[in-house]
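Chains as they are written, first to last, in our numbering: chain A, 27 to 642; chain B, 27 to 642; chain C, 54 to 396; chain D, 54 to 396.
Honestly, I wouldn't trust all of these hints.
Here are the simulated BS3-like pairs of lysine-lysine, each with C-alpha atoms no more than 27 Å apart in a straight line [stated by the list, open to error]:
1) LYS275(D) to LYS185(B)
2) LYS99(B) to LYS608(A)
3) LYS375(C) to LYS307(D)
4) LYS99(B) to LYS127(A)
5) LYS146(A) to LYS240(C)
6) LYS145(B) to LYS507(A)
7) LYS70(D) to LYS142(B)
8) LYS99(B) to LYS208(B)
9) LYS304(B) to LYS203(D)
10) LYS189(A) to LYS219(A)
11) LYS99(A) to LYS395(D)
12) LYS375(D) to LYS219(A)
13) LYS203(C) to LYS275(D)
14) LYS217(B) to LYS189(C)
15) LYS608(B) to LYS633(A)
Covered stretches of chain C, going by a simulated chain A footprint (3 or more residues, C-beta under 8 Å) [stated by the list, open to error]:
16) 66-78
17) 148-162
18) 181-192
19) 291-303
20) 345-359
Note that these hints are calculated values from the structure, not bench results. Using N, Cα and C, we set each Cβ at its ideal position, and we do this for glycine too.
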Amino acid sequence: MAKNHRVIELDEVVVKFAGDSGDGMQLTGNQFSDTSAFIGNDLSTFPDYPSEIRAPQGTVAGVSGFQVHIGHKEVSTPGDQADVLVAMNPAALKANMKWLKDGATVIIDIDNFDNKHYKKAGYTEDPLHDHSLEGYNVVKAPISMLSRDVALQQGLDNKGAEKTRNQFVAGLLYWLFNRDLKIGEDFLKEKFKTKPALVKANIAVLHEGYNYAETIEALSTTFHVDPVKGKKGLFRNMTGNQATAWGLLAAAEKAGLGLFLGSYPITPATEILQEITKRKHLGAIAFQAEDEIAGITSAIGASFAGKLACTSTSGPGLALKGEAIGLAVMTELPLVIVNVQRGGPSTGLPTKTEQSDLMQALYGRSGESPVIVIASSSPANCFDFAFQAAKLSLEHMTPVILLSDSYLANGSELWPIPEMKNMPDIVPPLVADNDEDYEPYKRDPGRLNRYWAIPGQPGLRHRIGGLEKADVTGEVSHDPKNHEVMVKLREAKVQKVADFIPEQEVIGPESADLLVVGWGGTYGAIVSAVNDLIEEGKSVALAQFNYINPLPRNTAEIFSHYKKILVCELNLGQFASYLRSKHPQFEYLQYNKIQGLPLFISELKVKCNEVLESIK
Amino acid sequence: MAKNHRVIELDEVVVKFAGDSGDGMQLTGNQFSDTSAFIGNDLSTFPDYPSEIRAPQGTVAGVSGFQVHIGHKEVSTPGDQADVLVAMNPAALKANMKWLKDGATVIIDIDNFDNKHYKKAGYTEDPLHDHSLEGYNVVKAPISMLSRDVALQQGLDNKGAEKTRNQFVAGLLYWLFNRDLKIGEDFLKEKFKTKPALVKANIAVLHEGYNYAETIEALSTTFHVDPVKGKKGLFRNMTGNQATAWGLLAAAEKAGLGLFLGSYPITPATEILQEITKRKHLGAIAFQAEDEIAGITSAIGASFAGKLACTSTSGPGLALKGEAIGLAVMTELPLVIVNVQRGGPSTGLPTKTEQSDLMQALYGRSGESPVIVIASSSPANCFDFAFQAAKLSLEHMTPVILLSDSYLANGSELWPIPEMKNMPDIVPPLVADNDEDYEPYKRDPGRLNRYWAIPGQPGLRHRIGGLEKADVTGEVSHDPKNHEVMVKLREAKVQKVADFIPEQEVIGPESADLLVVGWGGTYGAIVSAVNDLIEEGKSVALAQFNYINPLPRNTAEIFSHYKKILVCELNLGQFASYLRSKHPQFEYLQYNKIQGLPLFISELKVKCNEVLESIK
Amino acid sequence: MAHNFEPVAISTKEDFKLGGPVKWCAGCGGHAVLSTVMNVLPETGIDKDDVVFVSGIGCSSRFPYYINTYGFHSLHGRANPIASGIKASNPNLSVWIVTGDGDSMAIGGNHFIHLIRRNINVNILLFNNKIYGLTKGQYSPTTPKGSVTKTSPDGTIENAFKPGELTMGAQGTFFARTVDSDPKMMKKVFKAAAEHKGTSVVEILLNCVIFANQVHKDITGKDVREDHQIFLEEGKPMIFGKDRNQGLMMRCNKMEKVTIGENGVTEDDLIVHDPQDADDSNHYRLVRMELPEFPVAMGVIRAIDSTVFESALFDQVEHARKETKIKNMDDLLHSGNVFESKG
Amino acid sequence: MAHNFEPVAISTKEDFKLGGPVKWCAGCGGHAVLSTVMNVLPETGIDKDDVVFVSGIGCSSRFPYYINTYGFHSLHGRANPIASGIKASNPNLSVWIVTGDGDSMAIGGNHFIHLIRRNINVNILLFNNKIYGLTKGQYSPTTPKGSVTKTSPDGTIENAFKPGELTMGAQGTFFARTVDSDPKMMKKVFKAAAEHKGTSVVEILLNCVIFANQVHKDITGKDVREDHQIFLEEGKPMIFGKDRNQGLMMRCNKMEKVTIGENGVTEDDLIVHDPQDADDSNHYRLVRMELPEFPVAMGVIRAIDSTVFESALFDQVEHARKETKIKNMDDLLHSGNVFESKG
Ligand SMILES: Cc1ncc(C[n+]2csc(CCOP(=O)(O)OP(=O)(O)O)c2C)c(N)n1
Ligand SMILES: Cc1ncc(C[n+]2csc(CCOP(=O)(O)OP(=O)(O)O)c2C)c(N)n1
Ligand code: SF4
Ligand code: SF4
Ligand SMILES: [Mg+2]
Ligand SMILES: [Mg+2]
């Protein structure tokens, strides 16, 4: 198909797909992402859906969205605002107007823009005629009608035909971005592997959309995003939850142990469990427990029995696990607790993102019960930090809480596939059979870890439990001095981990006016903002923390090189408060957002500039 | 009985009773305390027993103790060291040697000091002949033999006779302290109300002990402790747990509401539940739930239904309640959560005291979920702070965590009985039937509390739950801005409580070299130490905190008047860390003890002097 | 069955309508349950301001948002103790628990059996769709063994709880079963539940169109339902089938499915249903009956009169109030060992 | 009953002795259980290094500290999921759970029924002293209704769980009952539990001398025990009584207590005990039998062969391993949608 129209080369572009839950926007979004990855773009995606399974059709509350950011340069967020919006109905338009760039292309399914739908969406006036879309390039396509027609011709029934309209949208987008339809066809062939009739019909609709775009005037301009430069090799498009699951699998393989996950489904952590249930072929055991407490305690049992034991959950589930984490602290068993944060408190905003479980991760247990706390900061590095969480847990014999969040969990990005031989070794402190010197609470002087004797091993029978342990022997002890010794040993063991983790890195100048501090999942937005500011010549740097407890050794040293420190987080200031308690000598300014949304680059830049102004 | 011996007047004296679990030392301790209270001494007591029900007889681990401190002047701790020790066997002696004052009187049951018992207690040499008791006034009484003989004569059987030996001890003590045997007789008559044979036998043994003491040489010196001056009126000897329960009952009466306690037994909080189960005659409902989660959620149900709802537990149980506390935060229902701290982490030292649940109380939940946190600081003021916890919870419509600890819970002190008419009013924000302006999340502008409409009230039907609420209407809302508004409102509501609580008080000079800071149950020891130091002319003052979140308004103001601040607590420094995060402008020195034991006056003084030295 | 409510309609269905959107999927069984509940409530004679709906978390548990009563959408698995607290505070309220198979059989299993053991007077509507709906399709403790779900790609290997069996294991006094697609049956059963004094457990075989569509079809399918269900009615012989010629009878101490007219079997040979049977064996058999050997029992299978927790509780309270000399806090404060100090 | 262990004594009682003090009260039923367990273990043929004792919290749960095996004294109520995790990690271990009526019926109730539902191959020794021992005497979910305890000054108003009934409600495959004072009976029962494939629940009527002394005396008292207990043995008629002339028979679909020789009753009329009976009705009756109407059933009441969770699990694992082309992480990392970028 020859094209005679203007092609604009773009460095990056943000596309948002939005419609009813049943409109298939998640699928189209994934299809478009994969296609972009296939041709070599960098990308970052973010789905965004309501907490009901099928919220009422046509309402703003029911809009399901999928945003994808593709780039010729590296991209690290799904983007603040969209260049292209696909709005399958008025509610989808209404929900997304505020996230549109000036001059954006807005593709609407004109078949759903009628009075009935306006009313449902809460519009009082027809948005197509109230000038609210002025300044945008609006493409009104009869998506529903045309796709249905084609699909019916292809032999689908009415219900089946309804479900093809997302492929019309896909066709439009392939044309708009000058993509090879073949990739889209292959995607459909794989997707509907066992249903040839669906493949055929969907491909026909895909072509219909493509042809439609070519025909109409409104789309006389198309875009082209070149493959990203510098990124070379094999890549996958990974979501945070998948990456987390794979990181744990990888750690188990490296440690030469079986993986055990005890878990109870909860949004947005469920996919970790789901992923592990599929990995029996690698020997991984997923135990879907009756509740969160059984999830973690079954994992503690598995850890006692010599597995790399993990549990995954979200905020309310972590609360339920607090008591058992205390047991793992006391028994000094390895255990990885993955907490995918969501909006709280209580049930809160279960499908939205937030960073408000930090304090809970640090302190949500009785007594002095320190654990390692680390946080992933991008969908793909969930793999690395899950691996690292397992490594630290196994080698230091302590529970580790790994914090992720809804944004990382569901978002995806392109990830260079690692080679297992290049991953670090993991060497758990196992005990030789019949080791006569074995004592349950004897420690390695370097790491202060105790050693791990596994039931079934000859000659190592011993008993552990939640009562205070005597130093070295591990017998039950009520001795006052011993208690103090043990409390301090457990704390020291965790603090010693600082010797085994990398120093904190800084992006940007080693000293400057402003150090932006973030932790975990806000990395993409903050690094983009800081890089922009640096490019604009501002005196700014970034320290994004992955290691929370213990903090990297050089933390205070870094802080001392900046005039101001601004801690940005999606809560009321938990990390800032923690930093104050650990390094009270510095003043910490705060930028906090608690809206169930990720940070936006634009708002961060405004805030940074404000602080920079104040310095002058 | 005329006495011809030396009587020493004492300002205060510490007596420790120690023996096997079956020796009845708790009873004798209580009997002696009550007698002292009866004649007008001030007092403070502390029982101390192993975590097994009947730990093996004759072993150090099995020793059960009861310490009582009586005074002509006010006493605020059970005392660091004992003036008189009753040791029923070698293990009891061994366990308590280190807590003896020089020259103390040691009364032993010589019948149990034989080789078999020495071995069981872990002695390698006979302690009566190895000079280890030199410098003490050792009274070797054939307690077992004489009491058994008398009891058998009185017609008890062997088993019954064995159990009277504690009354021989009591008799000795009555003589030693010049007490009227009549009081002891009355105690026994009350105790064995329905068993006249026991009353008769025990009284006979009591007299036998008294007469024995009069006869032997070793006790030629006796003590006299005058009634305390200044304390006038009616008093009770109250343990912290009983006081807590009564404080809640009193609050319910003042608020005009029924009391509901949903709870699951756990040491050292169980007595609160037990006490409320006895108060059906006041309309109080105690629901012994199947676990801690059902304990708190049944209370949340009761709160919804219009009760003053409470739940009581200890550390591991508080961990289990975290998720539900979040629900109470979101639904903004009144709820008092009493947490009686014990040694942690995990099962830890379940019968020992510690202050290590502070962070958990502040932060042990998902999301931003602020609650009021307050702490009692003496067995008797558990009444006042339980009352206050209920008042704040009801009037501000928010959960309140009230922290007590094992030391307060089981310890007792003399308490001036209040009049209910002098207790503050409690006015919950109830709604009138059919109030047309009622909206579930409309707020009182002064306190920011929402109003409380009770199921069954006509015209106020509404729905609450754990999902984020829309401001004012309380409908479910996923709106980003609304979430931020609500998160901040919930935080502001709790912080506003600072306007309704007293300012922090200081004991000692308004400005000085050293401010000792404590919180909760360490008050007795710290105030004694600080008063001693002040008497010695040292520049020291004390701020003991009862209000933790929010902190009293004048906290920073107070801190600014001292050269050094020393935070003393029974943990690794949780309050110090919290103060750093709230008022980072000050430097906080720490004194921490994590031995399952209370603070001792002597060690505190040493530490304070050290700090004072460093200032010079 | 004891009637504790006069059947006086002091409210109407309209009173219970809220007007807002009902956010279940189109075709979800929940819609029919909601509508039936609104039909039943006016007939129970309960004041509309005295009704409380309590739920946990799950699709089913959104119920309280869709009905105009006092409502509490609580925590996953915790509706039962919340309801217990409500009843132990105010026994006059009519408390309904709406819960799912995950909510009440997985995380809430312990509260479920304890509520039943205590026999607190509430009505449990258990939406048994045999799947975790809200979290999008993982197996639940009632998912049939072998089912492929999002967390059982190779089929589940766990035995499924039968809610009725578990109810009896916890000494339940009332158990009924019904299906979402039969409003008449639902209505009868809900009414009986409301009238029962004690914990009423109603298992509703509910269709989740999205994640476990047609999971109950062998029982509820239009073509099979008459042969595969038996609707039990007090005092009536156990007859079922399209032709009303099948029945249940006891032979040699075993329950058997028989055909009337065959082998000399007559209606008189069939078991007469007695939901109040003091010997629990038949109830135990009935709650466990499964296809293909037997039809699945519907209607009120068991309804036993027994002491209700909160009645016993408030009896003790009344008794204690009457007996005591300590009538208020001042009395309590001055009771027992009081010491007077003259200063 | 399936025998999965050869009765070869490869360890002795001495191997299991630890030497340290046993800290239960003198006279506590725990001592006898401990001693019997040590006697039984060598007879099961299990390697001493393969035995794991898991417990929750309570007097009973101190058990692991008193026996020389791998041991885990865990959290109140959580022994069951911990044991589940152990078995799902290493099915070769012989896992014993020691728990109390509070530990497993109160806080741990949910885990108890779920473990049983899954039929994980562990042995539960349930010390039923009908009281919370360790916390000093509050009522438990098995405390007989009306009992005065520290938290029920006016008598409890809650119905007591029967562990056997609850086990059946959760589809338990093995239930046995024994008493602490009868070492011979305990030994038989423990051995059968060890041999059973699946979750074995053994209720031990255990005396707490301190807080519920003699709570079982109507059943276990020397003078009454022969008339008030019936020891069930596979294939034997249900006879009991001091004079061995009492028995149980079915009449008109009801179980009855009869006297041999009276009204023409002979031994042949009595029910023959079948712990493997596929029709559960008799087991259900037997676990619920109570004084005074009936004797209390002792011995192995129920032992059904059924799939064990961890066997099914590892079958799936083996199958998946065989079928897959993805043998390791590198394979996985390169599977499915991989994009190559030429930079
Ligand atoms: C403590 C906690 N754990 C997990 C979840 C996640 N969750 C919500 S609903 C649900 C299960 C829903 O299944 P079911 O109870 O059967 O209700 P349905 O949606 O099928 O009606 C789960 C696991 C949660 N909300 N809270
Ligand atoms: C989370 C938690 N809640 C409560 C307790 C307190 N507690 C310890 S043991 C126990 C009950 C003991 O009863 P049971 O299980 O019957 O054991 P027994 O002592 O009678 O053998 C309780 C309530 C605890 N340790 N942990
Ligand atoms: S997902 Fe299933 S249970 Fe949930 S609303 Fe939809 S149809 Fe109903
Ligand atoms: S209190 Fe009871 S159960 Fe506990 S050790 Fe003593 S006798 Fe045994
Ligand atoms: Mg369900
Ligand atoms: Mg017990």
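Checked hints:
Annotation: proposed proximity of LYS275(D) to LYS185(B) holds, straight-line Cα distance about 22 Å (limit 27 Å). About 43 Å separates the Cα atoms of LYS99(B) and LYS608(A), which puts this hinted pair outside 27 Å; it is violated. For the hint linking LYS375(C) to LYS307(D), the alpha-carbon distance of about 45 Å lies beyond 27 Å, and the restraint is violated. Between the alpha carbons of LYS99(B) and LYS127(A) the distance comes to roughly 78 Å, so the proposed pair goes past 27 Å and is violated.
Between LYS146(A) and LYS240(C), the direct Cα distance comes to roughly 33 Å. Violation of the 27 Å bound is thereby established for this hinted pair. Under the criterion of a C-alpha separation no larger than 27 Å, the hint pairing LYS145(B) with LYS507(A) is consistent with the structure, at around 24 Å. For a cut-off of 27 Å, the pair hint linking LYS70(D) to LYS142(B) stands: about 23 Å separates their Cα positions. Taking the CA atoms of LYS99(B) and LYS208(B), the gap is about 25 Å. The hint holds against a cut of 27 Å.
Restraint check for LYS304(B) and LYS203(D): the C-alpha separation of about 9 Å stays at or below 27 Å, so the hint holds. At most 27 Å may separate the alpha-carbon atoms for a hinted pair to count; LYS189(A) and LYS219(A) meet this at roughly 17 Å. A distance of roughly 14 Å separates the Cα atoms of LYS99(A) and LYS395(D); the hinted pair therefore holds under the 27 Å criterion. At most 27 Å may separate the alpha-carbon atoms for a hinted pair to count; LYS375(D) and LYS219(A) meet this at roughly 23 Å.
For the suggested pair LYS203(C) and LYS275(D), the alpha carbons sit about 57 Å apart, so the restraint of at most 27 Å is broken. With a C-alpha separation of about 62 Å, the suggested pairing of LYS217(B) with LYS189(C) is violated against the 27 Å cut-off. Proximity of LYS608(B) to LYS633(A) is assessed by CA-CA distance (about 23 Å); at most 27 Å being required, the pair is judged to hold. Using a Cβ-Cβ cut-off of 8 Å, 5 residues of the segment 66-78 of chain C lie near chain A, which meets the minimum of three, so the contact claim holds.
Given a C-beta distance limit of less than 8 Å, the hint that chain A covers the segment 148-162 of chain C holds, as 3 residues qualify and 3 suffice. Given a C-beta distance limit of less than 8 Å, the hint that chain A covers the segment 181-192 of chain C holds, as 7 residues qualify and 3 suffice. Counting residues of the segment 291-303 of chain C whose C-beta lies closer than 8 Å to any C-beta of chain A gives 0; at least three are required, and the coverage claim is violated. For the segment 345-359 of chain C, the assignment as covered by chain A is violated, since 0 residues bring a beta-carbon within under 8 Å of that chain's beta-carbons and 3 are needed.
Going through the hint list in order, the structure does not satisfy hints 2, 3, 4, 5, 13, 14, 19 and 20.
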